[in-house]
Structures are given as C-alpha cells and as structure tokens.
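Residue numbers (the numbering used here), protein chains in the order written: chain A, 1 to 200; chain B, 1 to 200; chain C, 1 to 200; chain D, 1 to 200; chain E, 1 to 200; chain F, 1 to 200; chain G, 1 to 200; chain H, 1 to 200.
Calculated from the structure, these hints are not laboratory results.
Please note that a few of the clues may not be correct.
As the list claims (entries may be wrong) - If you want a taste of the chain G side facing chain F, the calculated C-beta under 8 angstroms gives, among others:
1) Y6
2) N59
3) T75
4) A76
5) G154
Glycine included, every Cβ here is placed at the ideal spot set by N, Cα and C.
Take a look at the letters that make up each chain.
8 protein chains.
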Amino acid sequence: MPEAVYSPGKTPSHVRDIVIELIERGVAPVIATRCDDEHLAALEDVPEAHVLGRTSVWNPLESTGRRAGVVTAGTADHVVADEAAITLDALGHEVNRIDDVGVAGVHRLLDRAADLAALDVLIVVAGMEGALPTAVAGLVDTPLVAVPTSTGYGSSFEGMTALAAMTASCAPGVSVVGIDNGFGAACVVARWMRTRHAGS
Amino acid sequence: MPEAVYSPGKTPSHVRDIVIELIERGVAPVIATRCDDEHLAALEDVPEAHVLGRTSVWNPLESTGRRAGVVTAGTADHVVADEAAITLDALGHEVNRIDDVGVAGVHRLLDRAADLAALDVLIVVAGMEGALPTAVAGLVDTPLVAVPTSTGYGSSFEGMTALAAMTASCAPGVSVVGIDNGFGAACVVARWMRTRHAGS
Amino acid sequence: MPEAVYSPGKTPSHVRDIVIELIERGVAPVIATRCDDEHLAALEDVPEAHVLGRTSVWNPLESTGRRAGVVTAGTADHVVADEAAITLDALGHEVNRIDDVGVAGVHRLLDRAADLAALDVLIVVAGMEGALPTAVAGLVDTPLVAVPTSTGYGSSFEGMTALAAMTASCAPGVSVVGIDNGFGAACVVARWMRTRHAGS
Amino acid sequence: MPEAVYSPGKTPSHVRDIVIELIERGVAPVIATRCDDEHLAALEDVPEAHVLGRTSVWNPLESTGRRAGVVTAGTADHVVADEAAITLDALGHEVNRIDDVGVAGVHRLLDRAADLAALDVLIVVAGMEGALPTAVAGLVDTPLVAVPTSTGYGSSFEGMTALAAMTASCAPGVSVVGIDNGFGAACVVARWMRTRHAGS
Amino acid sequence: MPEAVYSPGKTPSHVRDIVIELIERGVAPVIATRCDDEHLAALEDVPEAHVLGRTSVWNPLESTGRRAGVVTAGTADHVVADEAAITLDALGHEVNRIDDVGVAGVHRLLDRAADLAALDVLIVVAGMEGALPTAVAGLVDTPLVAVPTSTGYGSSFEGMTALAAMTASCAPGVSVVGIDNGFGAACVVARWMRTRHAGS
Amino acid sequence: MPEAVYSPGKTPSHVRDIVIELIERGVAPVIATRCDDEHLAALEDVPEAHVLGRTSVWNPLESTGRRAGVVTAGTADHVVADEAAITLDALGHEVNRIDDVGVAGVHRLLDRAADLAALDVLIVVAGMEGALPTAVAGLVDTPLVAVPTSTGYGSSFEGMTALAAMTASCAPGVSVVGIDNGFGAACVVARWMRTRHAGS
Amino acid sequence: MPEAVYSPGKTPSHVRDIVIELIERGVAPVIATRCDDEHLAALEDVPEAHVLGRTSVWNPLESTGRRAGVVTAGTADHVVADEAAITLDALGHEVNRIDDVGVAGVHRLLDRAADLAALDVLIVVAGMEGALPTAVAGLVDTPLVAVPTSTGYGSSFEGMTALAAMTASCAPGVSVVGIDNGFGAACVVARWMRTRHAGS
Amino acid sequence: MPEAVYSPGKTPSHVRDIVIELIERGVAPVIATRCDDEHLAALEDVPEAHVLGRTSVWNPLESTGRRAGVVTAGTADHVVADEAAITLDALGHEVNRIDDVGVAGVHRLLDRAADLAALDVLIVVAGMEGALPTAVAGLVDTPLVAVPTSTGYGSSFEGMTALAAMTASCAPGVSVVGIDNGFGAACVVARWMRTRHAGS
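Okay, chain A solo, but in the shape it has when bound:
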C-alpha cells in the first residue's frame, strides 16, 4: 500500500523534509496530498515531481498495463478526481478521464458506455445526490469504487447525502470510500489489483 504524506497541519518545510527523506530511502511511490500553495512552492525544487492539482508524486511505479477510468459527475468533483488520478498514475495505471457525465444528463453518460466497459477498473466521483455510481454500475460490469464528494451546498450536507446514497445504492457491487477521499479510492484499486498481479 502506498503511504502518503498528508500535508494539512504540517509546515511546508516539514512536508518537504519528509518527502526528501522518503525519496532518499528509495520509497516508491512518494506522494504528498492536499498541498496548499505554500506546500507546493516548498516542493517545487524537489526534482522529478509529477504534480496534478494539490497532489505531488515522485518515483512512480512502472506501468502495470492496467487501464483505469476516473469518472466525474461535474466540474466541482475534479479536485477529488485529480487526487485519485495522479495516485493511480503513481501506482502504474494508465488513467482515462471521463468527465461531467452526471445523471442529470443521462444521454451523455450513455454515450460513454462503451468507453466505460472497455476499462479494467473505474473510480466514480460524485457529490450532491451521488447517483452516478449507481447508474454506472447499472450500465457496465466493470469493477468500480465510488467516492462521495463534498461538492454542492445546502441539501448536499457536505457530502453526507452522497455518502449515504452510495452506500444505500440499489446497484450490486458498489463499494464506497470516505467523503473526498480520492487517494483512498486509488488505494482500493491498488489493493485489488496487486493481488490480481500475483494471481495472473
């Protein structure tokens, strides 16, 4: 399992020191999550970083040949999806983004059904009413993990609505990680896929 440096509550130089130490010890991959602008600035000159949104990665694993999809309901889910995507990439997966296919426009989702079915695994990210993983799981048999986000306002109740909806999903085979936990979703993929390697 990858072990990430969770940046909130740590000073930029503290995060930087940990990252450098991990790189020197040969840890792979090294991942710093939830970096704010100051964390990112402090990490800027640590060489060979891959940065996406608020996550930085060093020493990515070599390609596993697996093709993973990161699917989002809307723009506001991109931050969490980015965290999942770069972690998947660091773990050696080829990442395919399928963005903005929320259930409110069912046809856009249907148009991507073949793409969804062609991938090895899906991370499905949605906030508000959190219906997307249910619809995706009703559409394709691909293994998937659902990520509720704190997207939205009011009745979204900071992700609680989506979390409850996803765990109550009427579609079989949906499992769920914590609110906004894109990194955790990628770890779920890693856990299932690693065994798979061993087994192949």
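Following the hints, put chains B, C, D, E, F, G and H in place on chain A, whose structure we already have.
For chains B, C, D, E, F, G and H alone, kept in the frame of chain A given last:
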C-alpha cells in the same frame, strides 16, 4: 385540494363514521388513507368504494383527460405508489404505471423513455439511494414530483437518504414531498393541474 | 430545461468564457448563478446582461404571459428569492415580489391573500422554522414550490430545520427543492409550465 | 411544582401503591401519567379519580380563576393535549380546548383569534412541520408554550422536525418543551402563574 | 412584542436608516441586535442609545417594577446573556446578573439560591452540557426560560447538545428558546409578564 | 477484564452451555448479561447464581475491600444501574446504591454529598438531559464514570442527548461509556482499580 | 452480477413463484435473501436448495478456484456474514470463515494473520465501533470489503457508528458497503473477480 | 481538580490578568489552555511558565511518581495530546509519549505493547475512525481514557465518528471524554489517581 381521512390512530368505526358523513355531505372525492385490515373491513360495506392497497376512495372526480404516470424503482415502493395512483385516479387522472425501472438497471429505464415522455405528469417513487427521479428528470422534460420512500434497510435510514438525495438532485426541475407521502404527491399534481384547467 | 453556469470554484475568466461561448451558440437563456464580485466584474462587459443580486442572464426567453409570484418570509431570504426571480424572468415569466410576509405577522400575509390567489404560480422562500409555504398553501390553491433557506442561526441548523418542516408540511400540495436552491425552484416552474404550454 | 407518577416501566400495582401513599400523605394534586390499560385498571378503584386519556388525577387544586387554552393542530395531537389539559385542570385552571386549527387551514385558525386572545395562557400542541405556535404567536399576544409532538411519519422524524421548527420560530416569545411533553407544558404554566399569584 | 432590527446581512447605513425611521415613528423600544463593529459605528451618533455588547436600544419602556435575573453558566455565555439583559432592560425590567454559576461548581450555585428565589423571573443561559436550567429549576420555583448557547467545542455540537438537554430536562416547568437566542428569551418574559400586568 | 456472555441473539440453551463451560473451566467471575425471562429460566438450575435484574453471576471474586457507589437519577435508570452493580459485586466491590437523586431535586442530591464523598469510586447513571454526573463531579472529588441511559422519550433521543451532554460536561474529570452500558462502566472501574491493587 | 430475490414484503408463495420461474429460465445462481421462517418453509420443497441462515441458493456457479475469507468481529455479526458467505459460495468461491476476531482481543486476530494473508479476498464484517476492517487492512495486503452491521445497542446507533468509522478508516484501501449488506459485499467481490477472470 | 483558564473569547490581557491573580493567590497548578499566538505573547513575560503547544502552566505540582502514557494515532492528534501531556505534567505525572501507532499499522502498535503495559495509566488520542483505544484496551490491562479528536475530513464528521466509535467500543473498560478535550482527559486521570494517593 382533496382532504383525506388519515386512518392511523382512529378506530375503524370512527373512520367509517367520518367517511359516511363526508359522502352524505357530497364531498368529492372522499379518500381514506393508510387503512389497516380492520379499517378496510369496517369500510367494506360502504357502497361504491374503489380500493387499492391501503387506500379507499368514494365519489371520484370525473375524468380530466390528463394522463399521469406513477413510476417506481422497485417492488418495495409499490405501497406508496398505490397511494399516489388511487388518489390521482380519484382526482380524475388516467393513471399509467411504470414499475421497477430503478437506476441499477438503466436499460430498463431507457426502454421506457418514450412512454415517460408521452405522459402529462409523473410521480416518481424511490427508496434506498433515491436516484430514480434524477435519472428520469435527466431523460425527459415531463413535469414530475419525487417521493422518497422508507424502503430498504441500514443505509437507507428510513427514507432520509432518499429525501436528502432527491432535494440535492443535480437534475433541474425536481421537487420533492415528504417520505412515503404518496397522497401528498398526488395533491401536488392536483394543485398544478387544477390551475391549468382554469387557465386552459 | 435551462442549464446554468454555476460560478463557485470557477475562475472569473473561465465563467466569462463559458458564458460567451453559450451566447455565441445561441443558447437561450444563458444564466450564470452564484457569482461573487469578481465573477460579476469579469462579466460586466458581456453585453446585454440582466443582473439581479448574484445572478446574470443573457438571451431571456420571450414573455409567456404567465404571472409568477416570489414570496419571502424575511429580508434574509431575498438573496435566494432574487436567484429564483431573475431565472423566472429569463424563462419569460412576469415576476411579482411579495416580500416579508413571514408567519410571525400573520396579518401581513392575510392582507396579500388576494394577490397570491391572482397569480399563476408561486415560489415561496423561507428559512428558520419554514412555516410560510404551509400557511400560503392553506390560504390559496395556487400551485407553489417551496424553497428552504439557510437563513438564521442556531436552531435553523443551516436550513435543515426549514427543509424538514416543508417536507413534513400538513398542507396538501407543497413540494420542495433543496436548501437555498432558488434556481432549482424556477426550473420546477419551467418544467410544469412548459408542458402546460404544450397542452393549452 | 406538581410531581407526577410516570407509569411506564412500573407495574400496575406499583403505580397504585405510590398513588395511594401520596393521597394518604395529603399531596395535592396527585397525577399518574402515561398509564396503559393495565395501569388504568389497577387505578380504577382508587376513589375520586379524574381520568382523561392516559392520565389520572386525585386531589385537584381549587380553582385559580385562570382561563387556559389548549390548542391542537390535528387529531393526532389530542393524546398529548389531553395530558396537558388534565394537568392544567388539576392545577386549578379552567381549560378551554381549541382543536384542529392547523396552519394548513389558516381560516379555521383565524376564526378562533378572538377566543385565543381572550384566554390567560395557551399551550399550543403540534406535530409534523410544527408551524402552529408560530402562527398563533403572530396572531395574539397571549403567553404561550409550544409542545412538539411525534405525530406523523417520514419527514416528521418522530417530533424532531417540530421541535427544531418551534425553537427556530420567527415569532417572538415562543418557548418550547420536549417532544410529547404535555405534562411539562402544564408545569411551565404552573411555574409562571404561581409566581403571578404571589405577586397579585 | 418588541420588534428588533436583526443586523447581520444588512449594511451599516441600512440598519441606521431603519433605526432612525422607527425612532421617528415613536416606536418603543427600538432594538438593533447582533451589530458588528461597523453597525455599532454607524449607530454611534443616533442619540440616546443604550449599548450592551452587540445590542443597541432606544426609547426603553418605563420601569415595570419587575425584577428579572439573567443567570449564566460561564464567561462564554455572556454575549448571549447581554442580549437578553439589555432587551429586558428596554422592556422596563430591572436586570440582576448572576454569572458563572455553572453546575460544575454546585456550591457557587447554592450560595445564590436566595437571590434566585427573590427574583420575579429568570433567564438561564448555558452551553456545553446545558445542565444549569435543570439545576436552577430544581432549586427554586421562580418562572424561568432556558437559553442554550453555542459555547464550547467538540461535543457541544454548536449548541445542539444544550438544546436537546434543556428540552429533555427532568425538572418540571423548564421551557426553551432557540440556540443563542437571548433576544427571544426576553420576548418570552415580555409575553408572560405583559398579560400579568393586564391581570393584576 | 471480565468477559461477559451477552445473551441477546443467543438461545437460552446456548447461553446455558457457555456459562456451564466457563464455570467448569474455573473462570471467575462468570457473567451473563441482558438475559430475558427465558434465558433466566434456563440458567435457574445452574447452582450458586447471583441474580440481579437481567444479569446472572457465578464465581464472584473475593472482596477487594473497595466501596463503590452506584448513583441513579430516577427509577427508569435502575435496570442499567443493576447491571453495573452486580458486575461490581462480582468483581469484589462492596456496592452502595444512592438512588433517585436527579438534578431536578438538587436538595436530595446535596443531602447525600457526604455519602458520595466517602466512597472510593462512583458509577453515575442518568438518562434524559444527563445532568447528574456533572452535578456529582461538581460536588465531590471521588473518581466517577458516567453512564447515559436510553430512559425517557422524545427529546431524550434514546440516550443520545445524555451521551452528548455527558461528554460535553463542564465538570472536570467526567468520562463516559456507551448508552445503557452498565457492564462497561463496571469494567472501567475494574481497569482503574486493578492497577491500583497492583500498585498498593 | 447476481440478482437476488429480496424476500421482505413479499408473500412466501410470491417468493416461491419467482424462484421457480428463475430456475426454469436457467438463471444461475438463483438467490433468495432475508427469508423469514415462512419464506423458508415455502421454499423447502424447491429441490436442490443450499440454505444458510436466512438465504437460499439454487444453481450455484461452478468453482472459480478463488479462496475468499469471511471475517467477523463477534457472534452478532454471523447473520450478515452468513448472507455474504452463501452468496460467495453461489458465485463459485471457496469460503473460509474466520470468526470472532474482534479488535478487543487483538491477539486472536494476530493469531490468524497468516490465514488472512493466504486468501484471495476478504469480506470483513463488524458492528459496534467497526474497528476490525481497519485492523485487518493494517495487517495484510489482501483485497477486502468492509460490511458495517447493526449489531449492538446504544452508541452503535443501528450501524451508523460502524458505517462512519469504516468510511473514515485510517487504513488505506478499505471500501465499504451499506449496513448489514452481506449480499452486496459478495457482489463487490464478484465484480472485481469477474473482470479478473476475463483478464487472466 | 485543576481549574484551567480557557482562553478563547478572552482578550490576551484578560487571560494574563487572571493568570497573574491565580499565581499570586498561590493556586497550583495554574493552567491556560487553547492560547492563540497573541495569548501566548501576552503570557510570555509571566515568569516560570512551562509551555507546550497551546497550553501554558505555572506552579506545577510536585512529582507523584506515577508514570502516564499519552498515545496518539497520528500527527494530527498531537495538538490534543500536547494539551493532555502538559496538564498531566502539571499534575505531577511523568509523561511518556507513544506517538503515531494508529491501527492502520498494527505492527507499530504491537511493538510498543510492553511499553504500554509498563505504564500506570494511558490517555489514548485518535481521530478519524477512532479505533486506537479499542485496540490498546484489547492489548493491555492498563487503565485508560480515550480522547476522540476532530482530526481528518469528510467522514470523520469533525470528531463525531471517533466519539461514537469509542463509546461503542467492543473492548471492556474504555471510557471517553469530549471531542478534542485533552485537558479533560488529564482531569480524569487526576480524579482517579488522587483518590489512589489517599488510598495508598
């Protein structure tokens, strides 16, 4: 607005007396909701009842010519859907049932898209994760009202999950009534459609 | 259904670009919601904007002749009411404001009963204990949609109290959208009224 | 302050023994609340009982000359209202019932405005959305205490909706007791009115 | 009932304009609540203001001769207690402060028992576990209204714990207003005491 | 730590078999908790049982000489207090009951202050608003553990109010176990007191 | 994905009819879940049933050669574990039970570490504080899915505590299904493992 | 029991004045908690301060010879652990830190089992799923008090998840203080240990 006799907490003979009094006063329609077996037995010999599930109706309004759909996600939603359907019928609507089209089997829902689009108004009933109204609203422009049900167990939280999800829906134009309130949903239709009559 | 540009989380120039592209594509209406001061500044020179509060509109639909009311309980509900009002206007409705008729001063509400009854449709906006839609629905038969707001403090629980109260309303025919979702309420009107056009 | 024998969890003979002991000690009033049928049967031959619903009283106080109103939104609130009413009676108040004036039929409430204004104090009992105390407080200046009830189903959340709504009331001077606590509401009246005696 | 100008969400000059208009119309008392520093600055030159904490008053009522107590559990409750106290003062009550007698130091509370008993009415303000009104009501028969505050952190859940505890109080005759609603508590006193005047 | 046989969900003969096996293995003490009438009947002929309420004990430890108090707010807390008391007894503590000293009658609590101070440890059991542990902790320095109970109705929210209140207690040194967990409270005492033995 | 017949709310003969029809159509596997005693009796003479607890299966898939573990924290979790186990079996997995290794006895869990590591996939079932999946995930790299159960009383809040704890798990790679959803957990395994077959 | 100066909501000079007055009165220990940078600056020149994180201490008690452990799950729990540690130190305990032994890495915890067993008392601090106190209590018999923290995001629900999990712990003898209440946990130790002194 129809005024229903809400049976729980009333004795069978009390419900029967109120119903008879309303019929004698010429009220139309007369509706008794949430009758248990004993209420239904006591109402059995009040002539000209229409009964569906736990609801009894007398003096239905004459046909408005409107065609309403009552849409359910699964079997467990039928009790609430029945309450909505017989109330719509009592209010003079032609009722069309579109059952068991939950989002977990998106294709069954898609197969009914033309049927949904052809109706004048929809009541969409769902429990668990409550995704169906969002998907229906993303599929057709028909006016609709969503009813969360207390269907399911565990993470359904007795309808709270579906209620939150429906009010947080990412699809435009979804409005929601209380948990298990099939009668209320039919009243929403009555309120919007009555004006419409006046205006036509 | 109108599709709005939801501004939070997007940069001012990103919002501006989307708006211009939609206008160029001839979309009508184009609506940008929840703009902060910087979003509004960036949109200022896009010609022919209608602005009310935090919402901007281009290409409004032509008049439908429908007369809609936007009713508020108190001053703190005006932000949400404004979002509903300008969206209704963009959709071709004549908007009538009936402000500050909260149930705490029942007589002010009663004084407006005739005005409420004369309108084709009502959006009723209230926070705190959320009693206003229940009282309005008890007073007139006009179709209405209720909007809970996050107005107030403490026991208002950021709109949850009003949301629960409105969905538990003892008045028949009240349906509800999400907390603070003025745009959504106008979409409910659009959905019901559009069909109505078709039907007239 | 009256001290009641709370019957649930006590055997019928235990309740009977406590009641007899209190009567023999000359306590006034003696009140047994929430009696089930077996409690009531066991208390039947304790002489000079006043019984209303699930409450029994002995040794009522002599009349204070105060005129109290017990106001309900609907039939389902009567059980709680009965508990309040017989306790007020035991404390020497003349009790006036104003039943079934829920906000869904505002005109029925308005018809009773003069009656409400003529009373010395009001206990206002309501479940579901709990709007009645707010409307009553907006209508008259009479002192009042609000009682939320667990009436209703679904979105009533066993009284939580009404409790939250009443404590968030936009009407000034509304205070609230616990869900279904009719006895407690009468004690609030006793506390305020006793001092008043002393002060008169 | 006094009608307050609730300042949050209004510009300083708007609050100032409303206050001046109310004074000119002879309203008594005029109360502006929850003023921030800028509201207070804008109100500074409106003559004859009484200011306490975040509340400003003009045209106080003349003395009723009633002696009210405002009781707090701890320092963090003073802001809410101040709002209650100056409102009581504006309504013509003599205000007595009994501060920092939280149940954690029961002896400090007991030392003030005679003071509490000597007053005509009490407003009891507490956050955290909200035990103080229960203890006060167990100690004296004085009429009282309880105010939960959002004092504290963690398990205080922003006043929800205190609100629930106060409405579940095992002490008879405790009624409760909304979280942090010092103004509302004073209105409860006004409502009960005004009638009392009329009755004396 | 004692290990209890938790009876719910087990058949009477299954509970009996486990108990006999533990006795034969020389376990001390053997404790069966939450027995219903059928569990108790099945255990009746297992010799040398100590039974209190719904708990049965065999092989109690010999006396530690420690004097423990079990303190309750009201009658409805006795079931939970009994579970704590017999477990303490099984662990070799002398148990002193101090019953029905809820905060609503502060003087009854004060009358027992010397008794409370004389004991080595206290388990304080209360439902509803859960104020008793706070008051006891404000009165004496004795170590104590608080047990919230699901006593009461409505605003007690099945023990959640008391649980929140006890963990938010303003009195220093209060710690809390789960709702209705009398056995768990006795285990807390065992854990702290066992070490004490070792250390003495 | 297997489609189960969810029995609650269906009559025994209705369940029986659906099962027979599915068998006749050659569906494999056919699974009836949450059968009560009457459902089981009605299904008794449908030949070749595999029954475990409240679940019946016909037409199991042939062995995949995969070895799955079903891990429980305590006895009360067995009902949910049984539902998962027989579904896994119906899907062609060899099922290994590792029971009663709750975190309260960490050593019992550690003693099974090698067993856990040797399996291809784990379903980890726990109620109360729900710590077991976190500990298992911290111990082995095996893919796992967590199932919160409504085991326990009081602070377990009918599974909500375990659900929240599992989705907040500090261990990487834990994903979660709904409360008590043993069938759903087996479907998660099916979804991930099916693809795996395809890929092998 | 130590009485702390709780700094939030007090001006720096107010905190400083109280501290100096307490020192002059000879109070021991004097503790100021939750100081922000300005509070700490104002307290800087009050001589002989011990400062750790956000807590300052004067007049610590002399050594009791007791050895206390402060155990944390992760870095984000250190702020709360620091508050507990310096308070324990002020009360005369030798403090041993055992940091970052969260259940996700069970082996790190096991490596410290002997250290945990050797201490007289443990304060166990954890956020997120709050599993650590359960695991520690399953590993050693040392008396312990659990502190849930508001660490984490999303499904941690600001400490509510950890609070619920800890009070629902399946391990015997775990008791819990409020969210983030490190000071309170040290007071629990003081309460149990003080009696112990008296008793030794």
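Hints, verified against the model:
1. For Y6/G, the suggested interface contact is broken, since its CB lies about 22 angstroms from the closest CB of chain F, more than 8 angstroms.
2. Proximity of N59/G to chain F is violated relative to the hint, the smallest CB-CB distance being about 31 angstroms (cut-off 8 angstroms).
3. The restraint placing T75/G at the interface with chain F holds, with a minimum CB-CB distance near 7 angstroms, inside the 8 angstroms limit.
4. For A76/G, the shortest C-beta to C-beta distance to chain F is roughly 5 angstroms, which falls under 8 angstroms, so the interface hint holds.
5. Of the supplied interface hints, the one on G154/G holds, with its beta-carbon coming within about 3 angstroms of a beta-carbon of chain F, less than 8 angstroms.
Hint compliance for this structure: hints 1, 2 are broken, all remaining hints hold.
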